[in-house]
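Enquirer: Residue-level listing of the chains:
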Amino acid sequence: MSKKTIIVFSGEYDRLIAAFTIANGALAMDDEVTMFFTFWGLSALRKPGKADVKKSFLQKMFSGMLPHRAETTPISNFNFGGMGRALMKKVMKQGNIMSVTDLMASAREQGVKIIACTMSMDVLGIGKDELIDGIEYAGVATYLAEADEANVNLFI
Amino acid sequence: MSKKTIIVFSGEYDRLIAAFTIANGALAMDDEVTMFFTFWGLSALRKPGKADVKKSFLQKMFSGMLPHRAETTPISNFNFGGMGRALMKKVMKQGNIMSVTDLMASAREQGVKIIACTMSMDVLGIGKDELIDGIEYAGVATYLAEADEANVNLFI
Amino acid sequence: MSKKTIIVFSGEYDRLIAAFTIANGALAMDDEVTMFFTFWGLSALRKPGKADVKKSFLQKMFSGMLPHRAETTPISNFNFGGMGRALMKKVMKQGNIMSVTDLMASAREQGVKIIACTMSMDVLGIGKDELIDGIEYAGVATYLAEADEANVNLFI
Numbered sequence: 001m002s003k004k005t006i007i008v009f010s011g012e013y014d015r016l017i018a019a020f021t022i023a024n025g026a027l028a029m030d031d032e033v034t035m036f037f038t039f040w041g042l043s044a045l046r047k048p049g050k051a052d053v054k055k056s057f058l059q060k061m062f063s064g065m066l067p068h069r070a071e072t073t074p075i076s077n078f079n080f081g082g083m084g085r086a087l088m089k090k091v092m093k094q095g096n097i098m099s100v101t102d103l104m105a106s107a108r109e110q111g112v113k114i115i116a117c118t119m120s121m122d123v124l125g126i127g128k129d130e131l132i133d134g135i136e137y138a139g140v141a142t143y144l145a146e147a148d149e150a151n152v153n154l155f156i
Numbered sequence: 001m002s003k004k005t006i007i008v009f010s011g012e013y014d015r016l017i018a019a020f021t022i023a024n025g026a027l028a029m030d031d032e033v034t035m036f037f038t039f040w041g042l043s044a045l046r047k048p049g050k051a052d053v054k055k056s057f058l059q060k061m062f063s064g065m066l067p068h069r070a071e072t073t074p075i076s077n078f079n080f081g082g083m084g085r086a087l088m089k090k091v092m093k094q095g096n097i098m099s100v101t102d103l104m105a106s107a108r109e110q111g112v113k114i115i116a117c118t119m120s121m122d123v124l125g126i127g128k129d130e131l132i133d134g135i136e137y138a139g140v141a142t143y144l145a146e147a148d149e150a151n152v153n154l155f156i
Numbered sequence: 001m002s003k004k005t006i007i008v009f010s011g012e013y014d015r016l017i018a019a020f021t022i023a024n025g026a027l028a029m030d031d032e033v034t035m036f037f038t039f040w041g042l043s044a045l046r047k048p049g050k051a052d053v054k055k056s057f058l059q060k061m062f063s064g065m066l067p068h069r070a071e072t073t074p075i076s077n078f079n080f081g082g083m084g085r086a087l088m089k090k091v092m093k094q095g096n097i098m099s100v101t102d103l104m105a106s107a108r109e110q111g112v113k114i115i116a117c118t119m120s121m122d123v124l125g126i127g128k129d130e131l132i133d134g135i136e137y138a139g140v141a142t143y144l145a146e147a148d149e150a151n152v153n154l155f156i
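Chains as they are written, first to last, in the working numbering: chain A, 1 to 156; chain B, 1 to 156; chain C, 1 to 156.
Because the hints were derived from the structure by calculation, they are not lab data.
Do not take every clue at face value.
No distinction is drawn between identical chains; accordingly, a pair holds when it is met within one copy or between any pair of copies.
[Said to hold, decoys possible] Calculated cross-link-like contacts (lysine-lysine; reagent style DSSO-like; alpha-carbon spacing at most 30 Å): (1) Lys-128 to Lys-60; (2) Lys-55 to Lys-93; (3) Lys-55 to Lys-3; (4) Lys-55 to Lys-89.
Between the sequences and the hints, there should be enough to build the whole structure, so can you do that?
Expert: Pasting the structure below:
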């Protein structure tokens, strides 16, 4: 039993699959896993719908452009305005491969620790009310403390 | 002597150079190196030409769009429809810097362990017959077992 | 007190923020930090203005396209020809979040070790005179020696 940390910087659907697949694999082996969501990765933690959060005009622009939940994030190649993601999700369903939503639910059931990066939330104009419940909020010092205890640390 | 693992998620030419350069450097220092190719990184393992593999229509779309070998992958900046990659390769040749094909050959001669991620192969519709010989096929559990033994683990 | 290494492959503004934020955080905790700048990440080390360095035509093309310093690098999402970066920088200023230039200055004051990858400099046609002073020049063997001593190694 050991610890793994994953910085989820990218909000792309395929990279989220990779991050959560590694997390689930490690949790299944009884490892502890801490995922630190920063910048575009925060998309994966957003609640669907609009939240009532006060924002500056510029913050509204960024948070308005960001996908509102994992299932609507683009893929990093051949996205074609979302068509690529839709195709990828269809192939995954045919092959009984879990969606990002399912992978995240599975990781949470197995006790993953999810941390939202507070500095990125400020930069992108994302408030706590817009993110899913049951997560923690912290900065780089917390990430580093976790990473110091881990034997595998990835930046995705 | 220690172990290194590299997840090769991206199939971009410049990132493949980075991955294989690190692998070769470590192998030259008598380290063990395991490279785990997943998603677009699988491009680097494809045999040239068409393979006779059964695919669904959607799988055909993805695997058809994927570059058929490392030397035709795009670069992550200034690719301009392949022109950027061609220029980069020309500069590398003038400077006697090895191509991805040469770097991969060198890594294999030095005993790198190459693993193709079976889940990604399913998602992208890539069959074993389409990939080069002498590699292993496995999932995230195998990657994690390797990473647990390594002192440097990178996600590229 | 331990050591961290960060490979800065990407030259995108948001990824540079991530890299330098982690570096500053670790330095504040009295860790040693080595940042290895390779490929597009070299943009962050460029001096403003033109340098008098001999280049081949192809090298001129690449180095001419590369941003000339950190503050003009694109962001990885919603860049819109630099507008997205400008917006991000404005939001950061409003929130009193440090720019990449400030983060780099802070990291240097705290003793970060910055290494420019000599192979990438050859590929992209970047000479020593074009890069900021007080940095080291080395290849993958030096990176690996540093990584072997570190407990956290990231590829950004």
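Enquirer: Output the numbers, in ascending order, of every earlier hint that fails for this structure.
Expert: 3
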